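K.L.:
Residues per chain, in single letters:
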Amino acid sequence: MRIWMYEARLLFRARLAVGALALLAVLSLAAVGAGLAEVARQHGAIAAIAEPQKQDIAAIAAWVDKDKDAGSAAYYTFHPTWDAPSPLAFAAIGMRDVSPYILRVRALGLEAQIYDGDVFNPELALPGRFDFSFLLVFLAPLFVIALFHDLISGEREAGRARMLSALPGARRLWFRRALLRFGLVFAVIMAPFLVAAIWSAVPVGSVALIVLAAAAYLLFWIALALLVGRLGASSTANAATLAGAWLVLTLVLPTLAHVAINQAVPIDQGSEIALAQREKVNAAWEIPREETMRQFYASHPQWSGSPPLGPDFHYKWYLAFHQVGDESVARQVQAYKAGLKKRDAAARTVGWALPPVGLQALLTGLAGTDLAAQLAYQERIRAFHRDLREFYYGYLFTDRPFAKADFAKAPRFEGS
Amino acid sequence: MNPALLVARDELRLMRRNRVAVIAFALLVLLTLTAVVTAWSHRQGIDALRTRHQAAADRAFDAQPDRHPHRVVHYGTFIFRPLGLLAAFDPGVDAFTGNSMFLEGHRQNTANFGDVRQSSLLIRFGQLTPAFVLQAVAPLLLIFLGYGAIARERERGTLRPLMLQGASSGQIVAGKLVALGLVALLAGLPAMLGFALIAGQPGAQSAPMALIAIGYGVYLALWSALILFLSALMRRSRDALIALLALWAVLVVLLPRVAPDVAGAMVPLSNRLQTDIAIARDLRGLGDSHDPADPHFARFKQSVLDRYGVTRVEELPVNYKGILAVEGERLTSDLFDRYAARSFDAQVRQNDVVHSLGLLSPAIALRTLSMAAAGTDFAGHRRFLEQAEAYRFDLVQRLNRLQANAVSYADDTARDADADRRKRVSEQTWQAMPDFRFRQPAGSTLALAALPWLGVLAAWLLVAAAALVFATRRLGGR
Numbered sequence: 001m002r003i004w005m006y007e008a009r010l011l012f013r014a015r016l017a018v019g020a021l022a023l024l025a026v027l028s029l030a031a032v033g034a035g036l037a038e039v040a041r042q043h044g045a046i047a048a049i050a051e052p053q054k055q056d057i058a059a060i061a062a063w064v065d066k067d068k069d070a071g072s073a074a075y076y077t078f079h080p081t082w083d084a085p086s087p088l089a090f091a092a093i094g095m096r097d098v099s100p101y102i103l104r105v106r107a108l109g110l111e112a113q114i115y116d117g118d119v120f121n122p123e124l125a126l127p128g129r130f131d132f133s134f135l136l137v138f139l140a141p142l143f144v145i146a147l148f149h150d151l152i153s154g155e156r157e158a159g160r161a162r163m164l165s166a167l168p169g170a171r172r173l174w175f176r177r178a179l180l181r182f183g184l185v186f187a188v189i190m191a192p193f194l195v196a197a198i199w200s201a202v203p204v205g206s207v208a209l210i211v212l213a214a215a216a217y218l219l220f221w222i223a224l225a226l227l228v229g230r231l232g233a234s235s236t237a238n239a240a241t242l243a244g245a246w247l248v249l250t251l252v253l254p255t256l257a258h259v260a261i262n263q264a265v266p267i268d269q270g271s272e273i274a275l276a277q278r279e280k281v282n283a284a285w286e287i288p289r290e291e292t293m294r295q296f297y298a299s300h301p302q303w304s305g306s307p308p309l310g311p312d313f314h315y316k317w318y319l320a321f322h323q324v325g326d327e328s329v330a331r332q333v334q335a336y337k338a339g340l341k342k343r344d345a346a347a348r349t350v351g352w353a354l355p356p357v358g359l360q361a362l363l364t365g366l367a368g369t370d371l372a373a374q375l376a377y378q379e380r381i382r383a384f385h386r387d388l389r390e391f392y393y394g395y396l397f398t399d400r401p402f403a404k405a406d407f408a409k410a411p412r413f414e415g416s
Numbered sequence: 001m002n003p004a005l006l007v008a009r010d011e012l013r014l015m016r017r018n019r020v021a022v023i024a025f026a027l028l029v030l031l032t033l034t035a036v037v038t039a040w041s042h043r044q045g046i047d048a049l050r051t052r053h054q055a056a057a058d059r060a061f062d063a064q065p066d067r068h069p070h071r072v073v074h075y076g077t078f079i080f081r082p083l084g085l086l087a088a089f090d091p092g093v094d095a096f097t098g099n100s101m102f103l104e105g106h107r108q109n110t111a112n113f114g115d116v117r118q119s120s121l122l123i124r125f126g127q128l129t130p131a132f133v134l135q136a137v138a139p140l141l142l143i144f145l146g147y148g149a150i151a152r153e154r155e156r157g158t159l160r161p162l163m164l165q166g167a168s169s170g171q172i173v174a175g176k177l178v179a180l181g182l183v184a185l186l187a188g189l190p191a192m193l194g195f196a197l198i199a200g201q202p203g204a205q206s207a208p209m210a211l212i213a214i215g216y217g218v219y220l221a222l223w224s225a226l227i228l229f230l231s232a233l234m235r236r237s238r239d240a241l242i243a244l245l246a247l248w249a250v251l252v253v254l255l256p257r258v259a260p261d262v263a264g265a266m267v268p269l270s271n272r273l274q275t276d277i278a279i280a281r282d283l284r285g286l287g288d289s290h291d292p293a294d295p296h297f298a299r300f301k302q303s304v305l306d307r308y309g310v311t312r313v314e315e316l317p318v319n320y321k322g323i324l325a326v327e328g329e330r331l332t333s334d335l336f337d338r339y340a341a342r343s344f345d346a347q348v349r350q351n352d353v354v355h356s357l358g359l360l361s362p363a364i365a366l367r368t369l370s371m372a373a374a375g376t377d378f379a380g381h382r383r384f385l386e387q388a389e390a391y392r393f394d395l396v397q398r399l400n401r402l403q404a405n406a407v408s409y410a411d412d413t414a415r416d417a418d419a420d421r422r423k424r425v426s427e428q429t430w431q432a433m434p435d436f437r438f439r440q441p442a443g444s445t446l447a448l449a450a451l452p453w454l455g456v457l458a459a460w461l462l463v464a465a466a467a468l469v470f471a472t473r474r475l476g477g478r
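Chains as they are written, first to last, in the numbering used here: chain A, 1 to 416; chain B, 1 to 478.
No lab work stands behind these hints: they were computed from the structure.
Remember, it's a predicted structure, so these values are computed and weren't measured experimentally.
Mixed in with the good hints, there may be bad ones.
Cβ pair distances, simulated, as ranges [claimed, not checked]: (1) B:R338 <-> A:I287: 36 to 46 Å; (2) A:P266 <-> B:L451: 31 to 41 Å; (3) A:G205 <-> B:L451: 49 to 59 Å; (4) B:L451 <-> A:L226: 41 to 51 Å; (5) B:E386 <-> A:R382: 29 to 39 Å; (6) B:E386 <-> A:I287: 36 to 46 Å; (7) A:R15 <-> B:R439: 54 to 64 Å.
A virtual CB, placed ideally from N, CA and C, is assigned to each residue, including glycine.
Turn these sequences into a full structure, and let the hints guide you.
P.N.:
Right, here's the structure in full:
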């Protein structure tokens, strides 16, 4: 144990090492703090839905109650959905700053609603968030480089290397020094994260996996540093080589891979879905209304017993052609989703070759802040929208009046 | 020969002999060329795609059958934001904003289908563009090539003999600076190739391009000065390298990431749910056009009747429903504009926070300059949103006026079997409606917006130069 104390004292005598570790500690605390603040802000925004939403519904209910037309209720009522951040989201904000986590939908065509975004400042989103994943993926390797680039070459340049390697247990000496540095970096990075993870009640499995992945990631960079160090160049050359490797692995190759993936998997169906759905929806006004109802009843036989349309406008026809419009683009929607998933999968494949990408994918995956999580949220919105439509259909297709009290019976989104 | 030039020649010769340096330089050139080609083809591809989509949307609008004007208000139109030429150099926030919008009556939709929500997580690692290479990678190369320029001479004891031979410390540093500056120039040159491509296109604007070129020149010059300053200041070349790498990591990687978090915490932004509900509430406060007893609309109706000197809406020479639609859209659009202005203001204040941190990081200042001059910053996106809203309002009001003038009130309220046909307006009308054309800002507008940041960069250069002079004096003193 005493020998470890000596090594630690030796390390702490180096200004560079102390400065680096102190800076890392500050950044580590700041990154976790920034992540927690962002997640708290998002929780706050979700908690703040209820009150204005209640007032909105009350005003609409008072108005609809005059005619008691379920169609007006369906047309004017927006129902909130939300995607609460997971306990781990503070560690990797991922896409949550650019994709909406609150979306209000109504029982009209979903394809014209589900791709809507929320308000965000693009200039703030451009450089990415300052969170634990940024600290670990981008900054931690730089600190590893600072502490390890001269582990061996420093002693050589000081003229002690030969003497040290002649001592009994020389191998253990290098091992001890490397382990001490690794342990300190690891502890400084992980301590704030672990405290926040426990405080946020992150599942133990996820925490364990992240601890292992973080250790493996740091060890990768340490191994790289030691490998470069063994080539026998000067400390300076080692630092330059390692910084170059960092640049290539964390910035250059991922951006190249991004270009390659987006070239290989082109996605331009998004706006085409919106265009096609709009055509289909509006075309309903040009064709006999019975034609639309026939198409609608084909996929919704349970309502086909509804009385035929009279000469006046009826909202059941309105909702029917919106639904038929959605169904007409179902195949394009599937292709669009498949394209997105393919891009995501390609990036994960790249992650096996590029540790920074792999770690980022793992963190955002565990935190539920990646593309897959965004798509899963959209699936939940789709399911909710289905319930919502069926709820209004129950009134419209049986011509039941929709009174003030019925607003409270509408399905509610089950937040995660 | 001037001693400074001798020093420069010697330094360049040394760099050329350094195999690692040559490889690094070659890699940077290769990376820049790749970035130029991919960013160029990316912009061309996006531009072609959006042009194609826009043409399809315009065709669909023009091809509508005979329709009631209010149907067309809901049919709406899709618009796509075209990408400026300079986006091939610095696409800025383009990938982070939606680039297509659905415009319709009574509603203000969001811009959708931005790249960031359609790409893998890799997009958050940065984008390979000439701007990125020059902002982030080029300084790192200069650090590798220059950290030892002076520290090395001192470490090896060659500095004193050099000065004993008659070279002043100023001449030595000037020579090193010339050498490093030359390398910086060469490193920046391939990116300028992309500029040549852009300049050859119709509609290329010289003022913002000149500003970008000068801005990046100043940026690389100030890095050269900073590198030599630390190289002269530090006792050992390794210390100089570590200090420079730390400086680079803080200025180029860390601060640009921390700044948005600071700005976001300082200036909160209303989300869409809050805004939508507030707009709906304000609208209800203005009145209910469906309620005959509503004071606002009763007054409005009376004013219309008075204007035409009649007592009943049926006697009006125009369709009252159309007049009412014009008034309704005016009220909602007013609210949209007011809330949008509030949101834009908040975002501008957030960006101001980030930009003011440009005083601490020349990388932020340069990014701000670059995006502003390229027209790909928030202001550029805002221009699109504001032009889109102006166009939406104009189109919807044209259609509402069409309802007022081309559809009679009697037909509009009729419920007989043939009424639907009589309410419709001829299909030729839709072709006469103007299409959305995004007006690119004038070159001078872009250049003016970018100019302050050139000032910040120039200030940085002055500080770096002053520091270098200080370090040079110290060099001579020992």
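K.L.:
Evaluate each hint against the coordinates.
P.N.:
Here is what the structure says about each hint:
Range check, B:R338 to A:I287: Cβ separation about 40 Å, and the 36 to 46 Å hint holds. Distance hint for A:P266 and B:L451: a CB-CB separation of about 38 Å, consistent with the stated range 31 to 41 Å. For the pair A:G205 and B:L451, the beta carbons lie near 54 Å from each other, so the given range of 49 to 59 Å is met. Between B:L451 and A:L226 the CB atoms are about 49 Å apart, so this pair conforms to the stated range of 41 to 51 Å.
For the pair B:E386 and A:R382, the supplied restraint of 29 to 39 Å holds, since their beta-carbon distance comes to about 33 Å. One distance hint, 36 to 46 Å for the beta-carbon pair B:E386 and A:I287, holds here, with the actual separation near 38 Å. Restraint check, A:R15 to B:R439: a C-beta distance of roughly 57 Å satisfies the suggested window 54 to 64 Å.
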